[in-house]
Amino acid sequence: MPASVCTACGAVQDVDPRADAFALLGVEPLWCLDLDRLRAECAARVRAVHPDRFLAAGGEPLRRARAQTLALNDALRTLTWPRERLRALLARRGCAERVPEAHAARPDVEFRLILRELSAGLVELDGPDAHVERARIQRETRGLQEALMNEAAALAVDLTASLTPIPALLERVAALDAELLEVRR
Amino acid sequence: MTERAQMVGLDLGTSGGRASMSGLDGPQIVVERAASEAPRGAAARIRDLVSVVQRDWLPGTPRLGAVMAVPAHADFTARAALLDATRVAGLAPARLVNAPTAAALAYARLQGVRGPIAVFAFGAETFDVSVVAIEAGLVEVLAAAGDVDLGGGGLDRAVAQALEGECTAPPEPGALLRIAANARLALGARFDVPVAVPLVDGRIENLRLTRDRLEAIAAPVLARVEGPCREALIEAGLRAKDLTGLVLVGGGTQPQHVRRHVGRLFGITPSGTLHPERVVALGCALHAARLEVGNVCGASDDWLVLDALAAPLSVLAADGEPRQLLPRGARLPASAEVRVDELLDAGGRRELHVVAASGRRAERDRTLARWAAESARLRCIVDEDGALAVHCVLPDGRARLAERIA
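First to last, the protein sequences are chains A and B.
Here the first sequence is numbered in our numbering, starting from 1 and rising by one per residue.
Here the second sequence is numbered in our numbering, starting from 1 and rising by one per residue.
To be clear, the hints were calculated from the coordinates, so they are not data collected in a lab.
Incorrect hints may have been included.
Ranges of calculated distance between the beta carbons of each label pair, as one might list FRET restraints [what the hints assert, rightly or not]: (1) A:Ala57 <-> B:Asp84: 20 to 26 Å; (2) A:Cys6 <-> B:Arg260: 53 to 59 Å; (3) B:Ala189 <-> A:Ala57: 47 to 53 Å.
Stretches of chain A that chain B covers, calculated by requiring three or more beta carbons in the stretch to come under 8 Å of a beta carbon on chain B [to be verified]: (4) 51-60; (5) 65-78.
Ideal Cβ positions, reconstructed from N, Cα and C, are used throughout, including at glycine.
Please model the entire structure based on the sequences and the hints provided.
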């Protein structure tokens, strides 16, 4: 049972103010996270403390349940947004303010739509000349994709090992952001 | 010790209101009121339904609570008004649940549906589409989208306008919409239907409406549902072929041409086992029964319902640009903090405009409310009902409710 619930009596506890997003969801503070497992873990923890379970009881148990569920959902959102996950990792080292708060930091729907259509197009290409077109699209995108993947992997290693000086790390994050924007154009 | 409240389900649809309860035989609708019979105002409609439940089904019950369905795109003001209406009607506790989510719960519990499904809710004047993941004991909304200006009423108006163009004299006021709605329904079973339009000069204009003509008239209106459907799928990270089911909700989905269009859009035959106008009320009854049970782990009806924000929550900065605080699809309850000084001009107004954006079109952002921004940080909390509260975070870390000024 998660720490948000008393193991002896099942009562919901107050949210631990010292717990960050990683601690709340019980995952290692790493850049690389399995997001599907994270969502499932969050749902399992929310199940024990969801306000629906305490609506009939009302009062203090309901207030605590709301606070716990809110904290878990906010932690999930933090860890699923790359920029916010980075802030959470840096906050552990006391330097979260180095990454500016960015509202609407998620890639927009239009961008994801283009990527999805491109990948769907690759799969669905048909006809005698399909292999030519498929190869052309792959050629155009592969180099960039590989570069971005390598960069992201290197960034993950740096973050996890905490070996790179922070300013250099931020410069690379900014460069990666710019490159993603370029892909979008 | 106060006695626990008996919980009922409520669905105040445009076409009528329904109260539902869950018993040993499963959920059932116990009161049904056509829109023409219902009193005006949400509180009066709730009281009207609840009084019949108390008289015929739960006599002598001291406390009654409710799970009430709302369109997924109901904004914060509408949700606050509905919660107020439940309080006025004497219901406590009250819980709001998005209509597509309630429908997904009904299909999960009553039909054993599992996997990611799309719920297409097309009411008289509402359109929501949700992508919902269902597994044993869990109904989770992955993404929601919609259009606040779309619904089956729009189709009726388009057909009525086309019929009016064919009349040799002005039609009787108010008659065409009803005729158009009936003709759309009748064309489900036939290829063409006779349409008798009463004219102001007392004559009857005898017209015919064919299925092909209806589809041509409806095409521009139905084309508008495609964008939100694609957006919901993308938000959920799924393709249409990943879906295991398609559920239709609302009276607007009853005509065959709408069902065919939606089926083609998702590449799935829509599920029609539960009545599209009743499924939401059944879902509310199931959820109400779950809330009545309270804190019991591992029970057969221990279903967790995780709803999501249907429209992004933003604040308007001094430059007039909305800054997003919570994205569409954020799991509820959710919160976000904002530094007021970053958003407001130093010498200007100390007001925070909270806006909900419909889609990506900035011109459709609507200011929902304004709060006095007294402290350096404001915390916006959207609770599990989808209702919004704004708190001032004081320098010592304590928070208190911000004053709503409009």
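Okay, the hints, checked on the actual structure:
1. A:Ala57 <-> B:Asp84: 20 to 26 Å: holds, 23 Å
2. A:Cys6 <-> B:Arg260: 53 to 59 Å: About 55 Å separates the Cβ atoms of Cys6 of chain A and Arg260 of chain B, which means 53 to 59 Å holds.
3. B:Ala189 <-> A:Ala57: 47 to 53 Å: Once the Cβ atoms are compared, 51 Å apart, the range 47 to 53 Å for Ala57 of chain A and Ala189 of chain B holds.
4. 51-60: holds (count 8)
5. 65-78: With 7 residues closer than 8 Å to chain B, the stretch 65-78 of chain A meets the three-residue bar; holds.
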